[in-house]
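Sequences are here, hints too, so could you generate the full structure?
Protein chains in written order, with the working numbering: chain L, 1 to 399; chain A, 1001 to 1268.
Think of the hints as simulated: they come from the structure by calculation, not from any bench.
Glycine residues also receive a C-beta, built at the ideal position from the N, C-alpha and C atoms.
One should not assume that every hint holds.
[Claimed, not checked] Restraint-style ranges between C-beta atoms, simulated for each label pair: (1) A:A1014 with L:D187: 42 to 48 Å; (2) L:I398 with A:P1217: 57 to 63 Å; (3) A:R1084 with L:R392: 42 to 48 Å.
One letter stands for each residue in the lines below.
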Amino acid sequence: MLRTIPDSHGRFGPYGGRYVPETLMFALRQLTEHYEKAQDDAEFRKQFDYYLRQYVGRPSPLYFAERLTKEAGGARIFLKREDLNHTGAHKINNCIGQALLTRRMGKLRVIAETGAGQHGVATATAAALFNLKCQVYMGEEDVRRQKLNVFKMKALGSEVIAVSSGSRTLRDAINEAMRHWMATVQDTHYIIGSVVGPHPFPAMVRDFQSVIGQETREQCREQVGRLPDVVVACVGGGSNSAGMFFPFVGDQSVELVGVEAGGRSARGGDHAATLSHGKPGVLHGAFSYVLQGADGQTADVHSVSAGLDYPGVGPEHSYWKDSGRVQYTSVGDTEALEGFALCSRLEGILPALETAHAVVAGMRVAKNRSHEDVVVICFSGRGDKDCFEVARLQGQQIE
Amino acid sequence: MPNPIDTLFSKFRAVKRKAFIPFVPAGDPDLATTAQLVRALAKSGAALVEIGFPYSDPIADGAVIQASYTRALARGLRIDDIFRQIGPLAAELSIPLVAMASFSLVHHRGAERFIEQASNAGFSGAIVPDLPIDEAGELGRLAAARDFKLIHLVTPTTPPERAAQIARSSTGFLYVVSVTGITGERAQLPPEIIQQLDWLRGQASVPLCVGFGISKPEHVHMLRDHADGIIVGSALVRRLEQAGSKPEPRDIDAIADLGKELVDALNG
Chain L
1 MLRTIPDSHG RFGPYGGRYV PETLMFALRQ LTEHYEKAQD DAEFRKQFDY YLRQYVGRPS
61 PLYFAERLTK EAGGARIFLK REDLNHTGAH KINNCIGQAL LTRRMGKLRV IAETGAGQHG
121 VATATAAALF NLKCQVYMGE EDVRRQKLNV FKMKALGSEV IAVSSGSRTL RDAINEAMRH
181 WMATVQDTHY IIGSVVGPHP FPAMVRDFQS VIGQETREQC REQVGRLPDV VVACVGGGSN
241 SAGMFFPFVG DQSVELVGVE AGGRSARGGD HAATLSHGKP GVLHGAFSYV LQGADGQTAD
301 VHSVSAGLDY PGVGPEHSYW KDSGRVQYTS VGDTEALEGF ALCSRLEGIL PALETAHAVV
361 AGMRVAKNRS HEDVVVICFS GRGDKDCFEV ARLQGQQIE
Chain A
1001 MPNPIDTLFS KFRAVKRKAF IPFVPAGDPD LATTAQLVRA LAKSGAALVE IGFPYSDPIA
1061 DGAVIQASYT RALARGLRID DIFRQIGPLA AELSIPLVAM ASFSLVHHRG AERFIEQASN
1121 AGFSGAIVPD LPIDEAGELG RLAAARDFKL IHLVTPTTPP ERAAQIARSS TGFLYVVSVT
1181 GITGERAQLP PEIIQQLDWL RGQASVPLCV GFGISKPEHV HMLRDHADGI IVGSALVRRL
1241 EQAGSKPEPR DIDAIADLGK ELVDALNG
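Rendered as structure tokens:
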């Protein structure tokens, strides 16, 4: 049964595990122990639920998107509105969980990596809330492109560290955060932002994000009287999709569709569709699908969406792909930008560019189905952060 | 034929000599320079040389070594070239070579093929810094079948029971990491390292070699009575970096001189 994984070694079938320097093994064991105890502790769950409800603003609505439905001309489309969470995306769910766990472990400091800055802002927010010192590692390139989020993190009391090594993007921000963690592991917790990295991170982040899928089940039953027929979510590292899919994995009647970044083309370096074009390999502490070049060096990737611009993917997604439980597809830059525009005009909701990938794929799926069918799209985040980039691509400049 | 690493340490043990083990990243700025460096360091008295296989995402390495890897990869360095151009130095100089390679590289080639090719090229063993013993079962078996050494690491955060287990699993020697953190020079080494080495001595049948953070004779003096060898990386690589894209003979000599200084501190 898919629900019993990972095993005690953090394996999802052959995927996952811990491919990290020995220095980190102690912290990973400590984290696993604390997390397992916290899971069984009613008080911990109560605290987590409390902050999700009162601080994050959960449950997020499941909204019937009437005009998108009409536009697609098939199945009814519902949006799970993670964009309405505090800080504007699903990332905060995981950060609240891991910040509570940090306090439980008696650590007073957290670090995080961030690409576009969403996870960085969510971590800085949780750090402020729980009075933890916080440092966020961000690629030099991304610091330049995401000035607004850099400002927010600083305003929230966090320090932003620009990473100038390697590709100067998310991949190197993760490398740098892991290195820093190796030197500070005694008093610092590393809040990874996705279902990637060594065990227990993939399972733990998925669990904290599973509130998305659990709420969707209940809300769909309430509103439609049954479970959805298809659930669609975008996949970079894969945290919003893992949180959405996991509670549905045992429901064979529910089709699950993951959407990767098709970028400019299917040529190497032009996309970030790890599951569609990659092969099993090792990156950032886990065995999973990865986009690699010669000799096993990590490949360069591209997507218009910074949050999907990652050459790896969570190990559980690799497992779901091989077992056929989830279908993975991709949506390119141009279509995603069209989806951004369409969703904004028809529904009055600016999607994050990551989310726009899921919207496009969800509409494709809906088109070929009857009006009786129900398609739920995980609306992972709002598009404010992307306005600068979208404007730039349209030849405009916003100050 | 016995593995050259075993031969080296039994010889050294008999004459109470300690091993100076420099780390040289391959292909920075090119493999010809790497070969010159290995020759110069052998002349300085290096007992064994660790060759760094450049990887795009080396999480255990500090800024100096990562920057070196980035430079080498930007120039298109391939693993086959390392095998072809560096491997033969083992026979030429009668010095064992050990590959320091991230698991991503080993896995991509296939563990069996990697070991076979490395071994045929002249390498006597490998250190895979992101492969903890929990994940190393298969690679360990494949290596043992060819008497190719798989050297494991013990760190200050490793609990005693686990450290003992690692000490038993490691072949060739045990790599004792002196500091909590990544590779790179440190002003001082933590004094607890001495206790850990003395304790590990009772647990391990293989020689103990200490690395991470070592750059000066004072460090060597502190460690030499408690270890069988010392590993020095970033301090050498930094000098290589300063030499730029076209190191002169005097740059190679300067690195060899630092090597000599450390060898003297170790066995003086």
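Hints versus structure:
1. At roughly 45 Å, the beta-carbon separation of A1014 of chain A and D187 of chain L lies within the given 42 to 48 Å, and the hint holds.
2. Hint check: I398 of chain L to P1217 of chain A, Cβ distance near 59 Å, so the stated range 57 to 63 Å holds.
3. With their beta carbons about 47 Å apart, R1084 of chain A and R392 of chain L fall inside the hinted range of 42 to 48 Å.
Of the numbered hints given earlier, the model fails none.
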